[in-house]
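K.L.:
Please put together the full structure from these sequences, using the hints given.
Each chain, written out:
There are 2 protein chains.
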Amino acid sequence: MTTSRPATIADVAVAAGVGVGTVSRVLNGAPNVREATRERVLAAMERLGYRPSHLAVALSRGTARTVALVVPHLTSPSVVLRVAGSLAVLGEQGYDTVICSVDTPQQRDHHLSALTGRHRVDGAIVVSLRLAAEHVEAFRRSRLPLVTIDVAVAGVPQTLVDDVAGGRMATEYLLAMGHRRIGFVGDTMHGAQAAGRLRLGFESSQRRLAGYRRALASASLDIDPALVRRGPHGPATAEALARDLLALPAPPTAIFAASDTQAIGVLAAADKCGVSVPGELSVLGFDDIESAALLGLSTVRQPLWDSGAEAARRLCALLRGERVVPVVQRLPLSVVTRSTTDRPRSFPTATGGKAAWRGAMAPRMSDPATGGQ
Amino acid sequence: MTTSRPATIADVAVAAGVGVGTVSRVLNGAPNVREATRERVLAAMERLGYRPSHLAVALSRGTARTVALVVPHLTSPSVVLRVAGSLAVLGEQGYDTVICSVDTPQQRDHHLSALTGRHRVDGAIVVSLRLAAEHVEAFRRSRLPLVTIDVAVAGVPQTLVDDVAGGRMATEYLLAMGHRRIGFVGDTMHGAQAAGRLRLGFESSQRRLAGYRRALASASLDIDPALVRRGPHGPATAEALARDLLALPAPPTAIFAASDTQAIGVLAAADKCGVSVPGELSVLGFDDIESAALLGLSTVRQPLWDSGAEAARRLCALLRGERVVPVVQRLPLSVVTRSTTDRPRSFPTATGGKAAWRGAMAPRMSDPATGGQ
DNA sequence: GTGAAAGCGCTAACAC
DNA sequence: GTGTTAGCGCTTTCAC
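As you go down the protein sequences, you meet chains A and B in turn. Numbered per the working numbering, the first sequence spans residues 280 to 652. Numbered per the working numbering, the second sequence spans residues 280 to 652.
Watch out, some of these pointers could steer you wrong.
[Claimed, not checked] Straight line, CA to CA, 25 Å or less: simulated SDA-like cross-link-like pairs of lysine to any residue: (1) B:K551 - A:E559; (2) B:K551 - A:G575; (3) A:K551 - A:D621; (4) B:K551 - A:R617; (5) A:K551 - B:D621; (6) B:K551 - B:A526; (7) A:K551 - A:A526; (8) A:K551 - B:R622; (9) A:K551 - A:G600; (10) B:K551 - A:L573; (11) B:K551 - A:A526; (12) A:K551 - A:A519; (13) B:K551 - B:P582; (14) A:K551 - B:R624; (15) A:K551 - A:G510; (16) B:K551 - A:S555; (17) A:K551 - B:A505; (18) B:K551 - A:G558; (19) A:K551 - A:R622; (20) B:K551 - B:R459; (21) B:K551 - B:A505; (22) B:K551 - B:R460; (23) A:K551 - B:S618; (24) B:K551 - A:A572; (25) A:K551 - B:V614; (26) A:K551 - B:S555; (27) A:K551 - A:L527; (28) B:K551 - A:D621; (29) A:K551 - A:E569; (30) B:K551 - A:S570; (31) B:K551 - A:D550; (32) A:K551 - A:A572.
[To be verified] Derived, one-sided and incomplete: chain A residues facing chain B with beta-carbon distance under 7 Å: (33) V359; (34) L366; (35) P514.
Hints listed in this document are in silico derivations from the structure and should not be mistaken for laboratory results. What you are looking at is a predicted structure, and each value in this text was computed from that prediction instead of being measured. By construction, the Cβ of each residue, glycine as well, lies at the ideal position given by its N, Cα and C atoms.
P.N.:
Rendered as structure tokens:
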């Protein structure tokens with residue numbers, strides 16, 4: 280008969296006429312239990328509707344088989360893909376995953392410091408969030424394995440792509456197509472920037488811009504500052520920035536957006552301005568989120584889901600006591616050609632445009648297969 | 280000095296020259312502690328770098344202040360919004376959230392039965408997943424509060440919208456605009472459907488279709504079966520279905536898609552077929568996910584984020600021992616008019632196709648106000 | 001006000 | 001093989 284109080288291991292022991300130790304052995308599949316005994320115990324459990332207490336097991340073992348996933352802006356498509364990747368392998372490895380969504384530096388600090396408390400989680404994956412030295416130190420002190428995705432933290436195993444190379448790859452791709460006036464739309468840093476505090480910072484956009492600049496420099500092209508536009512992340516801002524670019528006396532024939540989300544804003548701007556894509560304007564994004572394929576957006580693909588999965592695998596390795604090498608894991612980048620990029624054409628209203636389009640230039644394409652070196 | 284072994288409450292007690300009971304009182308802000316003592320204890324904690332053990336506290340109290348969020352297809356935009364809403368209030372209420380991502384009926388069953396184990400979580404929110412009676416029973420037996428979002432489960436507090444009314448609303452909206460041939464693109468049931476087993480089922484699409492039918496019936500319009508197309512959820516499928524519709528001898532002048540995701544597929548189809556939107560075809564979606572605003576997609580809006588937040592609030596109430604009423608919480612629906620719907624016009628040329636090439640599926644923007652992402 | 005001790009439910013080391 | 005017992009680290013009576 281079921282009693283009101285949930286059955287414990289002791290109840291089972293009594294019911295089966297054995298000691299708690301034996302019950303525990305059965306529970307954990309220990310080898311040294313006579314088959315008859317084992318079945319008696321199993322029967323008792325069944326009869327009593329016994330369910331082990333997760334907490335008791337965890338406390339006793341000193342580990343809860345739980346890890347934390349700390350992410351910014353959960354609704355961002357790229358973040359979601361990463362989370363999904365992590366969740367898949369974590370679940371498969373038998374870990375529970377508590378998710379900490381961070382939208383402000385305060386939340387980040389709060390979660391991070393809470394996580395380093397005793398017996399909270401066994402380890403953590405941090406996505407795209409800059410960590411202060413004190414945070415890292417807190418993890419180290421707590422002996423909590425930590426890995427990051429899309430953000431470099433000294434001494435912490437990290438899974439990322441070479442954004443500079445990606446920016447360069449993107450730009451060289453457009454150059455190879457014959458574009459000479461290439462616009463850039465990306466993020467500015469944002470968020471509070473109080474004195475010594477670190478802000479929620481996403482620097483990938485900066486690095487991609489750096490790659491863009493290097494590519495232009497390598498091609499001995501001047502970098503027209505007017506072609507570089509930055510603003511808070513989001514399609515709406517990107518749209519506004521792109522409109523500015525299109526309204527220029529000498530508008531770009533191509534725009535490289537630092538993220539697909541922003542590229543979508545650029546497409547919207549082109550549409551509103553009656554600029555055809557890719558006829559009058561090529562647009563190249565970055566990330567390859569799901570809707571990129573849907574929109575036919577050409578983009579620099581980074582393995583988002585895989586980055587989550589890989590980081591999770593590395594965390595699991597750490598949890599097993601293994602070391603992970605290399606500390607910096609670089610995932611490959613590749614240009615995905617869809618229908619928003621093409622060779623440039625002459626401008627309708629030739630404002631001195633001339634667009635010296637000479638396909639002469641050797642198409643030194645960035646090879647699509649290699650990641651950052 | 281920091282020792283190797285993490286400090287426990289006992290260490291603090293010794294260091295402060297008090298009993299563990301007192302330390303515990305300080306920890307929990309009990310009133311009956313002399314100020315001097317309290318400070319001595321606090322100092323000792325500081326000195327020892329004491330961090331309370333989450334597990335020990337949880338086991339002792341019998342609750343871990345953790346809830347589970349069980350969701351299907353985490354990468355779906357609508358699901359993500361709900362998760363974000365839940366996470367926000369759960370975090371604010373001091374709960375940890377473990378997320379269980381479910382892609383197959385097996386995973387669902389696995390998670391659900393694991394969650395009902397003792398001391399695993401304090402309660403759960405289930406999103407869009409059908410629950411078998413045995414699941415619900417397991418929760419009841421374990422005395423675990425349970426609430427659902429977007430799925431009706433007898434006796435379980437649920438947060439949802441009236442999908443039938445929504446389908447009707449959508450259709451009537453199009454009818455009011457003057458459309459008479461209105462196509463429908465939605466889901467079929469999918470997934471394993473073994474004998475007695477329940478499958479991962481999303482029935483909202485079915486209900487929206489029912490609303491569509493009722494609206495047409497109320498308007499005394501015949502329902503042309505050829506105008507109703509269903510397939511596995513996803514934009515690609517939706518695109519194919521929409522193309523079929525557009526290739527009909529008498530194509531619809533408007534299409535109601537059972538979800539925004541599918542509506543996006545419909546837009547893609549229109550673009551590919553050279554059918555202008557909303558000139559030759561009106562498209563109306565359902566959900567109002569973030570990219571709907573971005574694409575200027577007219578849609579039936581349901582409060583996704585709010586549904587997550589509301590369900591979380593109700594779960595918290597349950598956890599406080601309160602009862603929630605009404606058991607069935609209905610959230611409001613509304614038609615959001617953007618730029619993919621208009622009154623019908625006559626068709627230029629029958630099935631000419633001709634692809635009036637206007638860029639690669641240029642997004643139709645309308646309200647740039649959605650910073651989003 | 002504060003200390004001592006009995007749980008919370010389990011694991012694991014140690015005897016028999 | 002199996003029972004016994006001492007933790008795991010904290011909360012919470014119940015005395016003093």
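K.L.:
Next, verify each hint and record whether it holds.
P.N.:
Evaluated hints:
| no. | hint | verdict |
| --- | --- | --- |
| 1 | B:K551 - A:E559 | holds (19 Å) |
| 2 | B:K551 - A:G575 | holds (11 Å) |
| 3 | A:K551 - A:D621 | holds (20 Å) |
| 4 | B:K551 - A:R617 | holds (14 Å) |
| 5 | A:K551 - B:D621 | holds (18 Å) |
| 6 | B:K551 - B:A526 | holds (12 Å) |
| 7 | A:K551 - A:A526 | holds (12 Å) |
| 8 | A:K551 - B:R622 | holds (21 Å) |
| 9 | A:K551 - A:G600 | violated (56 Å) |
| 10 | B:K551 - A:L573 | holds (12 Å) |
| 11 | B:K551 - A:A526 | violated (28 Å) |
| 12 | A:K551 - A:A519 | holds (11 Å) |
| 13 | B:K551 - B:P582 | violated (31 Å) |
| 14 | A:K551 - B:R624 | holds (22 Å) |
| 15 | A:K551 - A:G510 | holds (19 Å) |
| 16 | B:K551 - A:S555 | holds (15 Å) |
| 17 | A:K551 - B:A505 | violated (35 Å) |
| 18 | B:K551 - A:G558 | holds (16 Å) |
| 19 | A:K551 - A:R622 | holds (22 Å) |
| 20 | B:K551 - B:R459 | holds (24 Å) |
| 21 | B:K551 - B:A505 | holds (21 Å) |
| 22 | B:K551 - B:R460 | holds (21 Å) |
| 23 | A:K551 - B:S618 | holds (12 Å) |
| 24 | B:K551 - A:A572 | holds (14 Å) |
| 25 | A:K551 - B:V614 | holds (24 Å) |
| 26 | A:K551 - B:S555 | holds (15 Å) |
| 27 | A:K551 - A:L527 | holds (15 Å) |
| 28 | B:K551 - A:D621 | holds (18 Å) |
| 29 | A:K551 - A:E569 | holds (23 Å) |
| 30 | B:K551 - A:S570 | holds (16 Å) |
| 31 | B:K551 - A:D550 | holds (16 Å) |
| 32 | A:K551 - A:A572 | holds (21 Å) |
| 33 | V359 | holds (5 Å) |
| 34 | L366 | holds (5 Å) |
| 35 | P514 | holds (5 Å) |
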